[in-house]
Amino acid sequence: MSSRRGRVRTGEKTVSQRAAEWYTSPWVVEWLDNTVQACTTSPGKEQFESWIIEKHGALAGRKLIETCNRRPHVSRAAYVPDCTPKTEEEKRTAMWLGAAAYYGVSKDTLNIWHEYSAENNLYWPERTKPPPKRRKAENSGQWMARVNAMLLEGHKAPVIDLDYARRTAIAEFDKTRDTLERMRTDPRAFGADIFERSRSIIPSPCVLEYPPLKKQWVNIDDAFRTRLNFLSMMHLGWRSAALLFEELAARGLNTPSAVERAYQRDSALMWRMVAAMDRIGDLHRKMWANFQQVIAASEYYRPLLKPWRDEDGLAHIEANRPAIHALMREGKFSAFDEFMIRAAEEVRTDFFYGIETCLQEDPSHAKKLSSEVYEAMGDLAAASEFQSQFSKTEFGSALVKHAAALERRTVGAQRAEMRSTMFFMDPDKVPPESPQYWDRVGEASRATRAMAAGWSRRVFDVSIQGVLIPMQAAAGPGGLDTRAKLEAIPLRSFNNMWKLLDGYLWRTAAELDRADEPGRVAREYGLWDANDPARPVASARGHIFKELELEVDQGARLEPKTTPAYVLHIPVAQAGESGAQSAHAYLANANAGAKEKVKTRGDASKKVDASGEDESDEAEPVLPACLPSAFKLGKKALKIFRRILEPPEEERDDAPAKGQVRWGDFENAMKRIGFEIIQTAGSSVRFDPPAMTARPITFHRPHPDSLLSPHAIKWLGARLKRTYGWTMGTFQRMEGEAA
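Under the numbering used here, the letters of the sequence shown match residues 1 to 739, in that order.
Mixed in with the good hints there might be a few duds.
Claimed, not checked - List time: in silico EDC-like cross-link candidates among lysine to aspartate or glutamate, alpha-carbon distance up to 16 Å:
1) Lys561 x Glu345
2) Lys63 x Glu30
3) Lys561 x Glu547
4) Lys55 x Glu433
5) Lys499 x Asp529
6) Lys635 x Asp529
7) Lys392 x Glu153
8) Lys286 x Glu345
9) Lys306 x Glu345
10) Lys13 x Glu30
11) Lys401 x Glu547
12) Lys561 x Asp178
13) Lys632 x Glu735
These are computed hints drawn from the structure, not numbers from a lab.
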């Protein structure tokens, strides 16, 4: 890592000269110039100080203002490192130190000014370069990294990708819905999930004083409430987004200009878009907090971070500097480690750019990240990219500007209409939230936070200590100190626990309902009526989803789940077509007659760069309406699908040993039948089906070992059956085809 030699007085320098010395672009230098000028003169200085008080509170805010008002250094100086920065993180540090030296302020002061301008999209120079275009097969981390790099070079914001946003929302909603159901039907998965979450819980000061066994079950209980609330927020956000984008597709609103014209005429549609944007935004903030706590609990970074909670219940994560300095002395602390430590301490808008460049410089750093970190990163990447469709596009800026202007002048019946869309709860039953600096559309944005706070307070009233304490006593010395012990929750206790919980949650949701929409709150959060015969329960037979059990018992055929086609074309295959096709024949038929160019994308780049040019344009084929009812495959791919789709009874402990499945083999099998694989910056992988009305599906890739566990195989199979109606009979051997 680079270290400083000091500041040298240099005098005035041009923008280009400073860009070269600071390892950045002329556009960034102009942005910093504008920011420093605005934050040190009226009225920008007063606006900045008002923001900092609002964000950090009166006491901490005043201290930060005092820091910013100090001028400890002469201006027009240069920072001179003792060695040339090599990594992206070292160049980033050199930029901040160089800029701070030139402006005569501390690095911390400049960071605070920049945070203010970045969060509020202020003081940007004019963008004159063309917007970035997504490249074919470019994963979310590469895309967000390249967009970040190009925006900092002065490129215009990218065009919103409505189809990509739709696919993301549908896949994430389905995954969340299925996960909530699995929490009620799979005791083993439930125990594993809650145990891992308990390791990242930051206890309140009073809990730290408890005896070890009490502290243990209290942390697990807190982990359950936290996880339940988190999944409720995920269901709410992704459901809102999925239903919105499915409606846009059903109405044929498939271009940004068409959607803009529609919401300008239809205020109800506009408020639905604002609701989806704000709910995902609120979820994104919660995901960041969760991700930071998971980093702090991971095996590699746990010794280097100090998580703690203050008396008001606010969580903090700080670097353990003595431990870090010890590693630095041994030459074992890298720029990647510094990057991850900072990501755990504070929200970084450039996180995906940084993680992508760091791992490109040295892929071995990935081994430092646990499977839990990778999974949380994948979920965060999906939310970050979806949110960026609204925060980093001209479409999103225009929507916010239009909605904010309308909100300010809306009164009477129009305001009632806005509230009827933004509030799915009775507004009189949730305390109002005070304005926050991140609110983009006034009361409309505050509605999302008010309902989230109201629901969280009620979720944190639940407890499963009635199950945990007896289990802890039966587990013997150490209590529930391993995942296996918590996974062994008795089936009857598990089902009774959820019946009580579902009853409480259902009644609580009903109390918050609007008078004209009974059951709305329960639908938004993905709840079940405890007295509903269709409510998911765990069974000794091990079916994750109830309809899979009915399929076995009653022969009820599972129908594939569908979604409105994004672009309407004359389909090649019709719904209900029964003829089996080989994977090659299916794709060949899909390509046949494809005479319309739907969209073009260039090849993916393995490097993060600021190039706005696509390397090639290829027309994508027009897809059939539906997936075929059967596929003929070679021996190897056939073996993968049949192993995944085996009934759960075959996963019992005394069942004969089955073949193993590696993640790469599963991906290849899905590619074989035409699915497109969309990777993220973490472990989340989306599979886009080769049919216009088939729903995309998302799974987490195992890390660091690529081998799927029997329980993970069971999860893949259950979700594929539910989503596409597949059975073992769907996949047939093609005679004569090579394995």
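Status of the hints after comparison with the structure:
A threshold of 16 Å between alpha carbons decides the hint, and for Lys561 with Glu345 the separation of about 41 Å lies outside it, so the pair is violated. A hinted pair counts as satisfied when its Cα atoms are at most 16 Å apart, and Lys63 with Glu30 does not qualify at roughly 28 Å. A hinted pair counts as satisfied when its Cα atoms are at most 16 Å apart, and Lys561 with Glu547 qualifies at roughly 13 Å. Of the pairs offered as hints, the one joining Lys55 and Glu433 holds, with about 14 Å between alpha carbons and a cut-off of 16 Å not exceeded.
About 9 Å separates the Cα atoms of Lys499 and Asp529, which keeps this hinted pair within 16 Å; it holds. Taking the CA atoms of Lys635 and Asp529, the gap is about 45 Å. The hint is violated against a cut of 16 Å. Distance hint between Lys392 and Glu153 is fulfilled; the C-alpha atoms sit about 14 Å from each other, no more than 16 Å. At most 16 Å may separate the alpha-carbon atoms for a hinted pair to count; Lys286 and Glu345 meet this at roughly 15 Å.
Among the hinted pairs, Lys306 with Glu345 is consistent with the structure: their alpha-carbon atoms are about 10 Å apart, no more than 16 Å. Of the pairs offered as hints, the one joining Lys13 and Glu30 holds, with about 12 Å between alpha carbons and a cut-off of 16 Å not exceeded. Restraint check for Lys401 and Glu547: not satisfied, since their Cα atoms lie roughly 45 Å apart, outside the 16 Å limit. Under the criterion of a C-alpha separation no larger than 16 Å, the hint pairing Lys561 with Asp178 is consistent with the structure, at around 13 Å.
With a C-alpha separation of about 9 Å, the suggested pair Lys632 and Glu735 falls inside the 16 Å cut-off, and the hint holds.
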